[in-house]
Every structure is written in C-alpha cells, then in structure tokens.
Amino acid sequence: MLSVVKIFSPDFSIIDKSMKKNLGILGLFLVVFIATAFANPDFVNAYNLENLIRRASLYGIIGIGVSLVIITSGIDLSIGSMIGLVGTMLPYLLVVHGASLFTGLLAVVALSVCIGLIHGLLITRLKLQPFVVTLCGLLIYRGCARWMTGDSVQGFKGNYDSLRYLAIGKIPLGKLPGIGEFNLPVPFLLMIGLAIVAAIFLNKTIYGRYLLALGRNEQAARYSGINTDRMVVLAYVLCSLVAGFGGILFALDSNSIQPDNFGSFYELYAIAAAVLGGCSLRGGQGSIFGVVIGAAILPLLRNSINLLGMPTTLEFAIIGVVILAGVIVDEVVKRLAAKRRAALAAKLAAGD
Amino acid sequence: MTESPQHPLLEVRDVTKGFPGVIALSHVNLTLGHSEVLALIGENGAGKSTLMKILAGVQEPDSGQLLIGGKPVRIDSVQAAFDHGVALIHQELNLSDNLDVGANIFLGREPRKNGLIDKAKIRDDSRRLLARVGLNVSPDTIVERLPIGQQQLVEIARALSVNARVLIMDEPTSSLSAHEAETLFKVVKDLRSKGVSVIYISHRLGEVKELADRVTVFRDGENAGDLNRDEISHDRMVRLMVGRDVSQFYVRKPHSPGDVALEVKDLVTPANPGHKLNFAIRSGEIVGVAGLVGAGRTEMLQVLFGVDPAVSGNIKVGGKTVRINTPIDAIDAGLALVPEDRKLQGLVLEMAVRTNVGLAGLKRHQKKFGFLNAPQEGADTTEMISKLRIKTPNEQQIVQYLSGGNQQKVVLGKWLSLKPKVLLLDEPTRGIDVGAKQEIYSLMEELAEQGMAILFVSSEMEEILGMSDQTLVMHEGRISGTLTRDELSEEAVMQLATGNDAKEAVA
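Taken in order, these protein sequences are the chains called S and F.
Going by the working numbering, the first sequence runs without a break in its numbering and finishes at 352.
Going by the working numbering, the second sequence runs without a break in its numbering and finishes at 1507.
Derived by calculation from the structure, the hints in this document are not laboratory data.
We put the beta carbon where it would ideally sit given N, CA and C, even for glycine.
Each statement offered as a hint is correct.
Keeping only pairs whose Cα atoms sit at most 25 angstroms apart, straight-line, the calculated SDA-like set for lysine to any residue is:
id, chain 1, residue 1, chain 2, residue 2
1, F, LYS1368, S, ILE192
2, S, LYS339, F, ASP1076
3, F, LYS1421, S, GLN219
4, S, LYS339, F, GLN1396
5, F, LYS1343, S, GLN129
6, F, LYS1363, S, ILE196
7, S, LYS334, F, ASN1394
8, F, LYS1367, S, THR205
9, F, LYS1363, S, ASN227
10, S, LYS334, F, GLN1396
11, F, LYS1343, S, ARG341
12, F, LYS1363, S, ALA199
13, F, LYS1367, S, VAL197
A partial selection of chain S residues facing chain F, derived with a Cβ cut-off under 10 angstroms:
id, residue
14, PHE201
15, GLY208
16, TYR210
17, LEU212
18, ASN217
19, ALA220
20, ALA221
21, GLY225
22, ARG341
23, ALA342
Reference listing, derived: stretches of chain F covered by chain S, where coverage requires no fewer than 3 residues with Cβ under 8 angstroms from a Cβ of chain S:
id, segment
24, 1323 to 1329
25, 1395 to 1408
Chain S with its partners taken away, still in its complex shape:
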C-alpha cells in the first residue's frame, strides 16, 4: 500500500499535462454543453443527463481501448463487429444454451483476447497492415455473429439483473441543484476506473513509454532494446479485451441485440473519440483524458441535435463537421507551437 501511495501522491502531472494538451477539446465540449443547456432546459434534467453519461461512458471505454492501438500507429476497424459478436454470444450462451454465468463470461473474454492476439500476430509476424487485418476482422466477426444465432434477436429475457446492473445500474446521489433527483450510472464508474488504469499504464509505466516511442519510430525503439513486436501484440490484445468488455456492457444495456447491426459503426465512434482526444493516427501521441472527453462529445452532439430541434437526418453530417473542425483547430495550434519551439531553438543556436 505504501508504495502505491508513493507512486501517486507527489505527482499530479499526468492530469496537469493532459489538461493542457486537451484544452481545445474540453472547450468544445463545454461550449456545446452550455449552449444546449441554455437553449433547452430539458437538457439538464436528471433523466437526460443520466442517459447521456451512460452513453458517453460506454463510448469512452471502447475509445480508450482503441487509443492504445492508435498510439502504436495502428488501427482497429473490427471493434464494432466484435461488440456485435460478443454482444450476441453472451446472451446466446446464457439464455439459449443455458451456460453458467462464469462459463459465458469466460468464453467471451477468452474470445476477445484471442482475437486481439491473432490481430497482433498477423500484424507483427506476417507484417500485414493493421487496416487490412482488422477490416477482414470486421467482416468475419459480423458474419460469425449472424451465423451463430441464425440472425435472430438475442436478449437476457428479464434475468441476470445483477449482471445488468453493471450497464444500467444507478447510484443515487440525492437532489442536485438545478437538476433534481440524480443517479450516477454505474458505467461511468467503470469508465473512470478504466481511464485511471489506462492513464497510469500509458504515462507511468515503461510499457506505456514503449508504446509511445515505437508508435513514433519503431526502428529507433527497436534499436533501443525494446521488444516492439511484443508490445504491439499487447496493444491489440488490450484493445480487443476492452472492446469485448464494452460489448458485454452494450449488450447488457440494450437487452435486444440484433446480430446483423449491433455495434455497427462503433469502431468509428471509438476512433473518432481517440482522434478528437488528441491521438494522432501517425502514432506516438495520445492522452486518455482527451479520449474520454472526445468520446463524450459524440453522444452530446446527438443529444443536442435532438433537443435543439435540428433535423436528425443531419446528425451524421453535423458530427462529421464538428470532428473535422476540431482536428483542423488542433493542427493549427500544433503548427504554431512547432514554430515557437523552432524559433526558440534558433535563438539558442544563434546565441552561442
């Protein structure tokens, strides 16, 4: 315990640093949030906020997973289909086949790890491109989910309430000013827990440093004595494991799982969250705090579009424009910072 305290106590620099890096995305989040709150008072009612937080937390979880892969300059396009496969497989095993809870969970978790392992090995050993490997995964897992269940809708049939608590459970916080009787969704706590573990992993352990270094320059990392292949495999395993965990939660949340489209496009939400949160697809860059906020922006925008009475048919277009704008602003800021650094270096060189 003592050593844990030592690791945490003196150093809030993780939060501090990522706060600074993510001021832009945080600003965007607050602007949309506050604007919607002013435009439609319904926005801040407890029921709406609880729903929003639950969605944001679920997206946040899969966003954190994929950000680990994006940091290695890879990508995982199979997340949505994996959520579909895990989401159909769990109720299918429990309800249709009467498997025990333990067996059911073990099976889907093991499946998730195996999928990640296969992705990682194909990418590092056979040197296949991550885009191609996981694109094939996207097709394969979707097909498996539909075939396994005969394309029929799966659900938990009113049982497994204690398990469903993980996804739909709420912790009463009492009356909050301006909001009313507020209950904190359990997925929020799961997401925060995962975010803290991921942030520590990324910023405070040598493995996180390995991922960041190899994501930017695999060769230099290898020449520095880092087993880069093993770390890349680890990243894909973690991503798939987290996606599988997300799949379980999404399934428990929805309770009506269509094998042909459950989880569709979720890989893109996860990737968008990671990119909005400051992960570069070139690798070597990313902050968990940013990803969490990035993941929250997507359901927030949807919610705002609804509440502000904009045509829901425009939903995708608006989300696309906002993400694009965010990325453009980020790029401009980065260029200015680079110029400043270069100027500083020039001054230093001239001063000798």
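Given the structure of chain S, go ahead and fit chain F onto it with the hints provided.
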C-alpha cells in the same frame, strides 16, 4: 543564349540561408567558369548540400544573389533551374527504377505525337544522349537491371537532355566501384571538353586532385578558401576544411589497452554469407572500420548489435560467449550502437531530449510492476546534458529542433547512461558541424581512456587516420586487411578497400 565569356558562367554572391536552429550558409560566394570542373569540398554540415539545393531550385536563399552569365536570376523551382541550364545529380539517384532508361531520361517532358507519348523519338534521342555519356545500353532496358554506376550515367544523360550547362554532382562516387568511378571521371572530363561545367562535391580528395580545375572549400557554412589548379594538395585541402592542423583536431594520447573486450570469430552476416569475419578489440582501444559504401560495414555492426541476427559464428564480450539475436541481447551483453541514420534509428525525433536519453534504460531502471523510474531518468539526462555539453534550452525540448551535432550527442547520451563495455559507432560524425565533431572525437578518446572498447565505422578518411589504434578495412563483405597505427596511411586503406589485399606491397 548570348553571353560574353568575360562573365563567369555561374556566380553565387553573398548567399545566406538559415533553418530552424542552424545557419546553414552565411554570406557564401562561389564562381564557376566556362568549361570548368570546380570541386566543392568541406566537412559534413559545412553547407555544401544546402548550396546545391539552392542552385537546383529545391530551396531558395534567405538573401544573396545568383548570377548566370553575369545576369541576376531567380531559381525558385527545379524547372527554373533546368531553364537556366542547371541540373543536380543527387547522391541517392532519383530514377524510377521500374521504368526503362528512355522513360527516365524524358520523365515529365515526354515528347508527344497525336497526344500520345512518342516512343520512337524517345528512343532516338535517348540513344544520342547515352552515347554522349559513353553508356552502351538499349533505351528499353529497365533501370533496376543496370548496375549503380550505369544508373548514374543515365541520370547524367537526363541532365544533358535539358541542355544542362552546369552539372552539379553530389558525392557521385560514393556507391561506385573503382572501375565505375574511372568511367565516370572520363565522362566528366569529356563533358568539360564539350563545354559543360561541373560542380563536383566529394569527400575523396584523391578524386578532387585528379579532376578539379579549382577547389572551393566551405567550413561551417562559410567560405574557408579557394585553391587554384597548382595549389591543390591533400594537406592544403584538409587544412582549409578542418580549419586547423589535423594533428590538433584528433587528440589521441597513448595508453595501453587492457583485456580483450569483444572477440568475433567466424561471424557470418546474412548480407554477406560468403565470408567469415574475425577480429578482436581490447578495452581502451579505438578500432576504425574503413571501406567503400556497400562493403558490409554497417551490416557487420547490425549483426553485432542483434538488429539482424548472425547466420553463424561466435561473439565473446569480456571473454564470455554471448548469443545476440536481438538488440536486447546486445544491450544485456554490454554493447551499444550509435546507428548510421540517427533520425531513423537513433532517435524518436518528436519526443523530448529526456525521453530519448532514457529510452534504452527504461527496462534496466524500472521500478516494481514496470513503473517508470522518473528520478533516475531525470538524473541521467541532467548528467548527459552537462557531460556531453548538449545545447538544449531544457530537457523537455523536442529533439527534432536540435542541431545535428546535439542530436547525435543525445543518441550518445542514451547509450553512455547505460555504461556499455563496447561502443559501436556507425558514421558517428555524419552531418554534424566541425565543433561538435571535435567534441565527439575527444569524447571517444576520453571513453577509451576509461577503458571502453570502441569500434567505429567511418567513410571519412581523416577520421580513420586520426582516431584509429587499429583499422579494419572491408571490401565486398569481407575484412580485406587490418592495419596497425604504424601501417596506417590513406594509400594503404584505399588499396585494401578496393580489394588489393597484398598488404606486403604497401607495408
């Protein structure tokens, strides 16, 4: 074009060019006469390449003037350079090697007939141009099937196809065999006699002596001096390049080497499986590895460091046999490699000085459960910044914005913080300025004095001559000879590097 011959063909006046963190050229001047071969020499980082890029329209100067035939011109694109008759032959050839010779010569300027490429005209014109460079191949040959020397001649033919009157050649012989180089010299002399002027950049002073009508020397981005035909001598060129006597530049103190630190027996590399490598280095010894580009020197270091595992053979470090299949094995055995391409293999450019210095030591210094040892990393970085005199505003500066010399020191710092027994250096002073060079030489001396064994690959003859206690010379994948300090001379190295093993003949 009409221009009076009293004006030089090309003149560079007072040109300055800066990059973030460096002044690459400071008020330099250069004059190229008609039908003249001008050699431009200088250490790496002296500004030669920058000037060449300016003349070829790849970069524009911050200030100063370019004149052609006495008239000021603006060369703001490669096309503009072509229009003024200036063509650059890059060190790394710029050919599309999947296309045929004719297509390469006319790439981007294909003659057309009825809107389609006029292949017959390409073939005819190519034959004529190939004849001018003495290359007897069909214009239909796919470029990648040609040996490197002939590919270079194709590139010269392409330059002639735009009626180049000024041909800039950047280290043209660096990848050529001795025979190919001879052919190239003939072509250069022939072009000169036909009115083409050449700016010839080379590190090989022997070539310069043979070819050049005049020599211009750059040092640290400034003019260091000019030599006329009758003034060109090895010593004078070196003195102008280095700016001081060579004997002061390379400081070696005599000290007696210790036990054998690295012993290599019958080592077979995947790049040159036909040869077995054998040598030994004592601690406190600096051993140079000389040879032409492609002789297998880098490949040997990469096998020693486990980047490419050896096919067979035995490596002993400090008397103990070690198996090295990955860089991790090599580091654990006490080896360190400063690689040839520091931007690609040595550094994560977008990361901080501190992160880079700490990168190789992460595993060794880790705390429980793999947590980073931040205090250790900080202490190592502080120590290396002061010990190696790394010029950086702070330890969080992104390495990209440091000068080449300081970047190289960061790579060195990364390894020295691990206190290796054997330091492998691959072209340790490539692309860095003279000051940083000298610092690296004195660091090598200091490390050797403290008992480190150093094996360094260098293509710079001066460096080999100045620093080595012992020199291994490689030729086409094998060690063609070993020279002690007494036997060491430029001629002896060149003999062995070109495959003349009769060591007795030169000793």
